[in-house]
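Generate the whole structure from the sequences, applying the supplied hints.
Chain by chain, the residues run as shown.
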Amino acid sequence: MAKYILVRTLWVFIILFVILSMTFVLLNLAPQYPPADEDQREIWYAQQVRDGFMSRRVVTDPDEMEAIRNEEAGLHDNAFVVDDDDRLEVFEPVPVGQSYRNWITNVLTEFNWGTSTRVRVNVDAFSILANRIPVTAQLNLIALAFYIPTGFGIGILAALKKNSLVDNLIQIFIMVFLSLPLFVVMTFFLFIFGYQLGWLDTAFPAATVRGTTRYLAFILPVLGLSLNTVAGLTRLTRAELTEVLTSDFLLLARTKGLTRPQSVVRHAMRNSMVPLVPFIIFSFVGLLSGSVVIEQIYGIPGTGRVLLDAMTPNNYDHNLVLVTLAFYTVIGLFAILIVDLTYGLVDPRIRMGAKK
Amino acid sequence: MIDKEQDTKIQQDISHSEFEFVQRDEKIFDKKFETKPVGYFKDAMTRFAKNRANVVATIILFTLITSSILVPVLTTKNFTSQEPAVAALPPRVPIVEHFGFVDGTRSYSDRTVDLETIDEDGLGIPAGFDREFVAEGSLTNTTSVCTSRTSDSCVGGQNIIGLRGQSTQTSVVSDESFDFVRDDQPVIEFDIENILIDGTLLNVELNIGDDTDEDWRQFASFDEEGVVSFEVFEALDELDLDEDIDEFSSPIQFEIVAEIPRVNIALNSVSIYQNGEEEPFYSASGFDLAQYQLSAPASTGNFRRANGEQIVASFDYDVYAEAMGVRDPGAYSARDTYQLLEENQDICSLDGVDIDFDNVDYDDAQQLIGMEFSDTCPINNIYDVSSPIERDGETYFNFRLELNYAQYMGYDDIPYFLFGTTRSGHDLFALTWLALRTSLLVGLLVGTINITIGIIYGSISGYYGGKVDIGMERFTEVISRIPWLLTLALATAWLGASLWSLVIVLTLSGWVSVSSTTRTQFYRYKGREYVLASRTLGAKDSRLIFRHILPNGIGTIITASILMIPQVIFAESTISFLGFGIGHGQTFNIFGFELSGVSIGVLLADGRSELVYNPHLTIAPAIIVSILMITFNMFGNALRDAFNPTLRGSE
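Quick mapping for you: the protein sequence lines, in order, are chains A and B. For the first sequence, this note's numbering assigns the number 1 to the initial residue and increments by one for each residue that follows. For the second sequence, this note's numbering assigns the number 1 to the initial residue and increments by one for each residue that follows.
Derived by calculation from the structure, the hints in this document are not laboratory data. Every residue gets a Cβ at the ideal spot worked out from N, C-alpha and C, and that includes glycine. Some hints here could point you the wrong way.
According to the in silico footprint, chain B covers these stretches of chain A (three or more CB under 8 Å from chain B) [as the list claims (entries may be wrong)]:
(1) 26-37
(2) 289-299
Not the full set, but computed from the structure, chain B residues with beta-carbon under 8 Å of chain A [to be verified]:
(3) A489
(4) G496
(5) L604
(6) L611
(7) T618
(8) V625
(9) M629
Here it is as structure tokens:
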């Protein structure tokens, strides 16, 4: 077992390392969009030199200055020149390999992810992300707290009342919400409850708003975010519980004198839980990427919003994108790790990595 | 038991000679089944047809797909031009419109009425609307409280001069100057609604200097509520000035002076009376009074309005009649007018008009002025012509005319836009199907790529097994662990927002599920006897894979992969909705299919910001895509269940 855990953990770190390295290299080679403002840009390039992603050299040779000014010197596309009349300051990107090494060193030793270039110019990228995490975390945790009991409840109800009217209605609910894209559901909710009925806010209130307004503001995004997952959990719970309810050991439980509720709670439920645990952990990753869409529609200043802002075409903010992607990747991979481990722990029938 | 024992006894007594063959001369064949044989597909079909809901879903799905192919072909509309005149019309559906539902009217509520429009019934409509198109009997007026200082529709009420912060003094000055002449005996009257705090004063000041050399003097000071007044020149005399003034010009300035901060005085009106007349020479209240400006720094106080009343109207407005009726386009060039008339010569009665349409001549054109055409002609009437300009030997001039807009746009009558029109004036119905076609084609394209890659990868992995399989499985694990946001970010960084970045995002890990299904199928079939037999006969790997194993598993693989298409549409519309996929103005040519840059996600992204005033832009496409997704999923599930009976019950 210990070996299994070790191998899985190691494997997750390897995947994380591969994905992030690949992302860094690909982003590093993509067109750069340094800050638009002249002064800010100089600060940013100085920062790049400090972080080891660019080299700075001063050109005083008149011929070379002339060549650079006429763009004949064959400088790198991402090079930047500060013209001081009698001398030129040339910032050039260092080779990918070297900047990759510097990047790893910066991240591992100082946790330095570079500064933002477009979203909030020259502000530490990680601190921008860190500011946004609480709202996203709040949203996702509330959604989690809402959807697990709801999904279980409806699923159990459907399984116990199989083939009745209630079950059929639940089946329709499952079909509808599993099929509809999140943004369609969210738009419908926004239209009905926000604009037509006017019960709830049509956009997320500012951070300064406290109290009831702020709590009410979570209703729509949580519903929009989780109904898809509720439908998934309901379907799984119903399928698992239906299968268990028809099994022999449940018949035995009834024959030995347990009432139906007793047999369901003590025997059926526990056995049907096994495949649900991994589903729930996986679904958290799904919620997190779904919240990107919800945050965009409802104007929630979370991590998804910051990622989409940083990804705006022709206004790309590399460092911020990189750190946000790292955040999403880490959460996704560790969720998978937990799933792998619980598979082994929860269900004794599955012994992954065991010797045959 | 006893019977059986007897039976055996009886049988034992039969001699050999008594036995004979029943069918000595006949050959014995296998007996035919009483029931008809049921093939694999027929069996699947039976199971498929058993579920009524799935059949209905399938029919709806294929109707949608057919419509998405036919509608864009049948409506050869130009979706690149802008038609602002018919922009954002609400839906209008034949037959249903008679029930007062989707009838092409737009409901307005609580719009401030322009007071000049109030008719003999006492009902008015807001500015910018034409009474002709207000649905009969739908117009209601109510009054509501307003505090606007800029709208002259807001009448009456008080104007409040108030103190801000820690300030105890602020002043307000009138927007115009008045001439005060001693002989007119001018009296300035204030109607003060309330002064709540004792010790608060309202001081009135007038400027007895001139514009360049201002000399403000306090003329009066009031501290009680009600109508108060003072005679200007009496007050002036009391000031004991060095020189006599018989005439001066000044705005009226009044200030509030209080002992404590945050005090208000509410004023009803300011009036000037002359010569003891009953009627005021000048009176300002409500909106007029609200035009007075604060003359002290804004930090010291404010001048605001309260309890004003305005009339607001609620009504249904026939936007179709307005958009499609008689419209004046402003100047309309002579060449375009001639072209329009020439094309519609038969419809527009041009009796008695003798014009050479190919030759634009100013004198000739005079005979058109004042002409009224029939209702079916694109031009309603021509009422004027501008003076001509000569340039390079050509004459240019413009007609002033009115168009029958429906006819002008090529409709016989006011058209029905079933889903309404977009901001650019395009028929949303046609556009929705066009968008659906784009989404479906992208779904098909990406689905095909994913299924192809998945089958090839899964075949190799499943067929060879062992080390190859383990290595390939590890690779799929890494690929499928990459979040789609990351792929999207990288694709956007390299390619910008485009179809190709969309395709990359959707195919990078999209094939993994197909490949795992294929791999399972290969594990299931590769050990079978017929494969072994073929291998013994010397068949190569490729033959075993593609001629023996794959054909057996392909049914399961394809039916499991059908669900990929709605998933792709799902993802495509989400990404386009966020603005990173397809977008307006892009066109693509894929295998001869011309794709417009409009997908369902793009339509919904357009409608998102107009959810308040133009919900139809969102509702129609959202409902269509919802139906598509639901029916596609039901169809996919039904197909999978039909071909794989063991899956039944789990859905």
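Right, here's what the structure says about each hint:
no.	hint	verdict
1	26-37	holds (count 4)
2	289-299	holds (count 5)
3	A489	holds, 5 Å
4	G496	holds, 5 Å
5	L604	holds, 7 Å
6	L611	holds, 6 Å
7	T618	holds, 6 Å
8	V625	holds, 6 Å
9	M629	holds, 4 Å
Going through the hint list in order, the structure satisfies each hint without exception.
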